[in-house]
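Colleague: Residue-level listing of the chains:
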Amino acid sequence: MSQHRSARSRKAAVTVAFMATASLVLSACGGGGDSDAGGGDGNEVTILVTKHPLTKPMSEMAWVTELEEKADVTIRWEEVSADWDQKKNPLLAAGDVPDLIIGPNAITDSDLATFGTLFEDLSDDMDALPNVQAMFDEVDGAEAMATSLEGPVYSLPSYKRFWPQAITHQYINQQWLDTLGLETPTTWDELFDVLVAFKEGDPNGNGQADEIPLDFSPVGTTGFGYFQPTALLGSTGMTISGGGGSGIFVEDGTVANFFVDERYKDVVAFLNQCWEAGLISEEAFTQDYSTYQSVARGTGDQARVGFSWGWSGSDRFGPGVYEQYAPMAPLMAEAGQSETPSWSYDYENLTRNHLTMSAQAANKDAVLRVVNELYSEDTSMQELFGDIGPNVEKVSDTEYKVLPPADTNLDPSTWKWTSSLADNGAFYIREDATVELPADLAEAVEDAVPLQPAFDALDVDANVWPGPFIKMSSEDLSTISLNNTAIFGVAMPKFAEWITSGGVEEQWDDYVTQLEGLGVTQNDELHQKYYDDYIASK
Amino acid sequence: MALTLDKPPKTAKVSKNGKPTGAGPRVKRHFSRQWQLWVMLIPAIGFTALFAYGPMYGIQLAFREFDFTKGLTGGEWVGLKYFVKFFESPQFWTLMRNTATISLTTLVFGFVAPIFLAILVNQVISRRRKRFTQTATYLPHFISIVVIVGMLQVFLSPSTGLITRFLGFFGIEGVNFLGSTSTFVPVYVISEVWQHCGWNSIIYLAALAGVNTQLYEAARIDGANRFQVIRHIDFPALVPTMVVLLILNMGGVLNAGFEKIFLMQNTLNLPVSEVISTYVYKIGIIGSQFSYSTAIGLFNTAINFAFLVITNQIAKRVSNTSLW
Amino acid sequence: MSTLTRLRSRTPGDIAFTVLVSVSLVVIVFVTLYPIYFVMIASVSAPALVQAGDVSFIPKGINWFGYEQILNDSRIWNGYKNTLIYTVLGTAVNMLVTIPAAYALSRRDFAARRPLMLFFAFTMFFNGGLIPTYMLYKEIGLLNNMWVFILPSALNVYNLIIARAFYEHSLPEELYEAATLDGANHFQFFFKMAIPLSKAILSVIMLYYIVQHWNDFFTGLIFIRDYDKQPLQIVLRDILISNTAFAGGAGGAGGTGGGYGQQFADQIKYGVIVVSTLPVIILYPFLQKYFEKGVMIGSVKG
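Chains as they are written, first to last, in the numbering used here: chain A, 7 to 544; chain B, 124 to 447; chain C, 71 to 372.
Hints in this document: simulated from the structure, not taken from any laboratory.
The model shown is predicted, which means the values in this text are computed figures rather than measured ones.
C-beta atoms are modelled at their ideal positions from N, C-alpha and C, and glycine is treated no differently.
Be a bit skeptical, because a hint or two may be false.
Chain C stretches covered by chain A per the calculated footprint, using a threshold of three residues with CB under 8 Å from any CB of chain A [claimed, not checked]:
| no. | stretch |
| --- | --- |
| 1 | 230-243 |
| 2 | 291-304 |
Pulled from the structure, derived: some chain B residues nowhere near chain C, Cβ distances all over 12 Å [what the hints assert, rightly or not]:
| no. | residue |
| --- | --- |
| 3 | 156 |
| 4 | 192 |
| 5 | 201 |
| 6 | 202 |
| 7 | 214 |
| 8 | 220 |
| 9 | 227 |
| 10 | 228 |
| 11 | 293 |
| 12 | 320 |
| 13 | 405 |
| 14 | 421 |
| 15 | 441 |
Between the sequences and the hints, there should be enough to build the whole structure, so can you do that?
Modeller: Written out as structure tokens, the structure is:
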């Protein structure tokens, strides 16, 4: 039978295979990859950039080619659009740092505290970085933001001046109000009545009770953010920041946590009232962001959501129905209250840790030239909005006009994110530049106008937690974050539970005691310490 | 019937009945007899030694402070500090309870279901239908977790979900499958079993394929009905595989998988859905808590390993199958 | 045995049994196939309708945008190519390393087998962690090198244990004794007897390794920096994430592409599944025949 031959040939095959494997291993060890940090030849610069997934390849951006020419370098890009936090740790721990890392908080304060020695102290190099120096001189707080607790400047922020002070904007379906003959609500009670009317009056006229009176962005398990019901805290006079975050807020110079504040209880109670009346979307706690957004777009020209929070009308509600909506001013919790309604005070113009430089860069001068170029006027504009030509028109030396999308299928925001690094880049937009904003940004700025009165009377220093400007020691950061994990583990489920099943009044006192024991008090003290230092240093 | 080989054996002088007479000669005898087995094992041992044991020193990180300037293992020795920190953390018992509940439930159902499925599929006589059934049942295994969770959200949505509406016909109303502490574990386990049952039954089907067909014929002749055939032929054929897989699965007793749970977590089910792996992820993303997360990971695997050893010992006593 | 023969010898008990089995299997197949079917129709349906739960049995709002996005992305084809290479080479190495070792460990008279098993099993639980592993790869030159997909994963202990169990229990002891009495050594027995008789387990283990390589995305994520070396799963994950980026909320604050990205996110999600699993689905039937009854080449009598 053929067993005879196949056995022998199989044996030979296996021996060959064993030897092949062995030699493969050896060659693999020798051959090695090209995972080096720092440039190879004289003018090569390696840059790792964390991009939004929609952004096109860096090599396709004209301003990149321009930059390479001006700085006389060749750039090798490593583009990361997903899973950066998983890739980052081994990279840093093994010391495999590229010449530059660009991206919004790509390297966090905590990373800088742990791995500080990997990064270049840019304060030594400011002579080579006049554009960055200009930013430090002209923008309040930029230098403070860049300086770490011990003094070195390990990272650079970005400054884009056009964003409104409030990111979360409040919307109500004006067309529905008109159809039902209602006034824009000014208090929580009035809002409640309006929502009930939305639910029962079939304002979208399709004969079905499919209206969702109130919907909000999914609340995660690690604190609050933009477009969430914490926006209502402003009604009580409290000023939060960043949509709420971990609950820290400042009032008349005292730092506290709203998770254990009575006013938070009031907001939750109100929301519970709404939930029981069927005014909140059933899916509010289980849907994901894309479902939440697509529901609001309704069908054709029939809207489905009555009241919500978002960035801009067209972003939140889509081209079909956004014109039905009108931006609103903050509500009052109660009619005739003495507290002025406030709103979440956000910091989106000066954002930190957009650029870090390796301490081991082989061609230091070349790298510094690149950094300086990035912060130059034209390049900054192009990083944010796209190339001059297809995306931006340069009207004069200080005047720019952002053009509508060349691809008419895209909305301006998607167009921006596809064309360039957009908000993720490392740039400095000059104060003296006049810019005609793209439609979506202009719209967002418009929608923020009704909220402005909340900030007019605000003493920012005494009433806003200056998050982006605070630098903490790594030990304190660690304590705070561990406490927060424990706190969120209790507080976030309670938030959802109280709204959907009630019980906030009965359980409140025990809950407060529990949270204080889990670290709220300790966190408040730590935050207070840093806040006091910050205010004193101003 | 003796086997005939084409060539006279080369190592004819080996005797199986030699008795060891001392350590030196014993080792030599072992090697002269067994050297070929060692050759067959060398690649496996080599790769394992290099890639698995090579980095093993990193475990020390669980017992040291991570100090980047001193290298990975140069940090100060702190012994059990991080373990104690974990045990004393307010979430410890919740995490253990949640992880164990999810893991064990998945383990039990996930272990039993493939066996039943394999036996069932094995009953199909028509080859084409059998292949079709096999292929149909293993397909879900390849769907990525992101999509599985996405589908769960569509099917179980409180207002528009297909399953929600279907169950509504049977009078099961008002249950929020995605956002309830009582439904999280069932939804998780059922979707796990559904997804992997077919794939996991492959190994059992392979074992059943090796059953001597003559046994079936003999049983038929003896008048056994199909139940009895399963009980006395199919099932025993699966026992060795079952035992091995059970031991291996017990080694995963605290391994509630990260990605799926993380995607399914929301504020309503968090009290039962926060497990060790998601906790480690959360403390990891904010601070570089290397030592702490290594310590927790080590604790987790130590428990898993202990269970594996115990199950292995039990298996050794009760059956003659075990890992070592 | 033909169906007809079976029918004739049926008792009422048998018939009830068959009905039970058939019904159970039909339900199981439906429950398993429906979601797959759903994935396929969702991959060509309008995403808003899918989200709203309107798509149940037929696709609605058919459009091929998802597939266009995926297949027009040139990175996909490079990814496919890379995955094929890594899978073929990787599985070859896997089989060469695992099967002989499994056989060796299954020999009851091999004195070192228990300690060796412990040596291997220990590594299933305890490992040094990602960072020491990264540093090791860096030192031996595996970083950013295609061999990182093949060498470190050469041995999967789980598969080793399963293969060993097979050799221990399904290879008749009599066969082995007879061969040894005839003076056969291990190599000869292994090649002439063990391998031919273990086609079922070889197919299973090979399938496991193929799928393991096929689905691997973690290796490429951490250890590869050059995009052109990335396997399919990484490319697909990038495409997937690009379109579900908004899951984290308004990330980057203000204007995160409310437009098409969001709208078609889910459609692409489903399309990605189809693209990624199609090859494996096609492969499986070829291996299936090894799992079927009667594969054993006869048996030992007496």
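Colleague: Sort out which numbered hints this structure fails and list those numbers smallest first.
Modeller: 1, 3, 12, 14
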